[in-house]
Amino acid sequence: MDEILTVSVKDLRIKILSGEVKSVDAVKACYKRIKEVEPKVKAFLKLNEEQALKHAAASDKKIKSGVKCGILEGIPIAIKDNIMIKGESMTSASKYLENYVSPYDAAVIEKLKEAGAVFIGRTNMDEFAMGGSTETSAYQKTANPWDIERIPGGSSGGSAVAVSSAMAPFALGSDTGGSIRQPAGFTGIVGYKPSYGLISRYGVCALASSFDQIGSFSKNVYDTALLVSVIAGKDYRDPVCEPTEQTDYTAGLENPDTLKNLKIGIPKELSDYDTDGEILKSFEGVIKNLQLYGAEIVEISAPSYKYVPALYKVIMCAEVSANIATFDGIRYGYRSPNGISLNDEYAKSRSQSLGYEVKKRILFGTYVLGAKNYYRCYHQAQRVRTLLINDLNKALSECDFIFSPATLQMPVKFGEYLPEECDIFLIAANLGGFPGITVPCSFVKSHMPMGVHFMGKRFSDAKLFQAASAFERISGFDISKYPKI
Amino acid sequence: MSNYETVVGLEVHMQINTKSKVFCECSTEFGAEPNSNTCVICTSQPGAIPILNKKAVEAIIKTGLALNFTVNKQCTFARKQYFYPDVPKNYQITQSEPPLCSNGKLAIAVDGKEKVINLTRIHLEEDAGKLVHEIGSRKLDYSLLDLNRASVGLMELVTEPELSSPQEALEFLTELRTIVRYIGASECSMEEGKMRCDVNVSVRPNGQKDLGTRVEIKNMNSISGVRDAIAYETERQIEVLSRGGKLVQETRLWEAEEGITKSMRSKEGALDYRYFPEPDLVPFNLPDSFIEELRAQVPELPKARKARLIKECALSEYDADFLTSSKQIADYYEEAVNAAKNKELAAKPLANWISTELSGKLNASGKEISESPVSSKDLSKLVSLILDGTISGKIAKTVFEEMYEKSVDPESVIKEKGLVQISDESAIIKICEEAIGESTKAVAEFKAGKERAIGAIVGLVMKKSKGQANPQIVNKILIEKLKG
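In order, the protein sequences belong to chains A and B.
All residue numbers in the first sequence are consecutive under this note's numbering, ending with 485.
All residue numbers in the second sequence are consecutive under this note's numbering, ending with 484.
Next up, chain A with everything else stripped away, as it sits in the complex (with noise of 0.2 Å):
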């Protein structure tokens, strides 16, 4: 494998800025190793090899002219295919959105535009990004590059396998309960994602509106830190998205002494679930080390952990049925050619283009907030959010962050199913809008990656970062180490 992908965004952003790498051999090594990597993992539903190329020459000479250039002048970056990139398509994995192209760059493009990012191509992904596996995708199932028999998670498995197998340096993706997190820690990657309201969803395609946040994939915490730092702040045109006064993510990331002044908050229900005997073993030696190196372990609770599954299908799938509502056919996407009334013709659009995970959640969705059963369902849940809200932010009051294995199940083979609880403790994330990230910490099972997650208050992303970066100098994981494919 080429050098150059080997390396950490950090080291090919001052390889590249100082002119010792060229951007545009940057990006032709991903594509020489997407050409021997991807017909056996299908991470990538598009790429745009010759564009790409384009870019990084015109950075190249950017650099070479001494013009001032961007944060991430001339480093590729691979973009899961939810995010609108103007005049590319964007089809959400689903067949609805075959023909769709973006009239418009989403908040985050924009703001990778501007550092000078090279976009190298649209990762795959469950459909509409509802599952957890990448398998719901309607053109391709993306595969595990450390077992190619078995999942590699999702709904953002595309982007999580084009950074495990050294496609890309690292990569966007979006996390609804887990989509980000979960894949990566299933690939051996660093997965994050931010506090609700931290990054603008403008431009990205809704799932449930209000657990969804755009975030990112790379090979150690400081490369998320600076991707962050490019892609956060303040939009006027996410009305939830919240002004913060922090611009770079990266600082305070050596500090050697950060675990010495940590107090590290261990849920107590972890042991009320069926937990993977070796993750419970190697999350046992984690808790050990951290302790070693001067953390401090609390023991926290949060009891309704327990109605994490319940109430998130509810309200996700309740908030799915009425995006979703907008691909009907009529003004943009697929549209059946065979409809012979006005129902018949959504009917037919609707039935023709969406995948079956897609069509469950609409109808659940559409259950859940029908008149009679409304107050039962949609409004008990939204009660329970509120009570799990409160149970976290206590918990986070007693500890600086609550610490995970980032699932409790090792991937599945294809077609197998994942037991609901096994990502609770990602979800919990996005039904508090607290800010998540999945490290990786261990190998475990004939050589698969295994990750822990620390979840921390709401806004705490700076300190986030500065806690997983100091777990991950002490894990003992090689991040330079890729799956043999």
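The hints are simulated quantities; they were obtained by calculation from the structure and are not laboratory data.
Quick caveat: nothing in here was measured; it's all calculated off a predicted structure.
A couple of the hints might just be wrong.
Partner residues are not named here, just some residues of chain A that face chain B (Cβ under 8 Å, in silico) [stated by the list, open to error]:
(1) MET84
(2) ALA106
(3) GLU319
(4) THR366
Glycine residues also receive a C-beta, built at the ideal position from the N, C-alpha and C atoms.
Given chain A, work out where chain B should sit, using these hints.
Structure of chain B alone, referenced to chain A:
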């Protein structure tokens, strides 16, 4: 007389008078090329997120304050879901409980007596687009969609079922429209669809407390239509009940040409809108200071203004009614009065000039008073010139013509045309003597006791002076000469 009484409640939709739509920055201009005022947000494309237009909220609160509503400080939005091609999201964003304004009141005049109608609520919502099923005379086998109106801000005002005749509904809508226009919250032009009305009509035997079966008549677009539809529906319902029939709760349409209502759909299979909180628009609280700021911006309303004008300017009821029928006219009038040298004397003639000469000309050229070529200041000057005797009322009409045509001030017209009134007695005596000399017949008649004959001599004087002689002085001198 009928043994039944009519019960009417109204739901009035008024397009909020903002330059941009309620959840995006698109223009709300009327009559633009179809689909030219659209963007990714109002066509609901992937990744679009609504952003609330603050001005729309302000307009509703001002309306609420003017109509004695309680303003609710909490502002939340919900999605109201139904599939229809002209609803791009397939749900409508509307304000959920509480509405921005609840429990208002509006007084109307019924047969010279005042009746207060209780108002339930005003809330904010977005409009849908428009389907075009036919163009010209050619029936299409497809429909066209114009989304220019989609996501334009609407305020929906709901009344209690307290109106009890077609005439009351007409009075109510007229009064409401005047007030809302005064505030500038909506243009309320029904022909442009900026005010639309759903009418709920039921009848019940006199004295019965419970409401009868209600029929909803949708999307009325003229005030007289509302009146006629209620009249028709009242008769129809009484007729059904009198012959022992039963009414069904349903939605009907008003067929203006035939003058009848027709069944559109029965209410039995009521739609389930599956309301739930709009996750993209975070609920927020309106600070008291914000509401107070808006309260200060609510202008004096037509009724109060009318009473004040009658008192301050000694106007007739009729004049005051006309002058306060729109804020623009009233503003114009008061500016003119305030500019006059002698406000007390000028008040009445200015009212006359505005209600007759000026509005006559404006109507003829289809202009609003805000587009008047004669400014309030210039009209005021004209009246002052009459009052101080510089020109006669008759000359003033000529001067006004010029002012209107050329948009110039009265002094320059008078100067250019040499129209100053002659009040110099010696000059007038000379003309009078000439005229007496030339009017032998009239002089003889006058001296024989026929006093009216003087009119002919006055006419001659005026003719000789090209209308510039002061008529009062002319009269005085002629009488002196003839009697003396």
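* To do: Output the numbers, in ascending order, of every earlier hint that fails for this structure.
  => none
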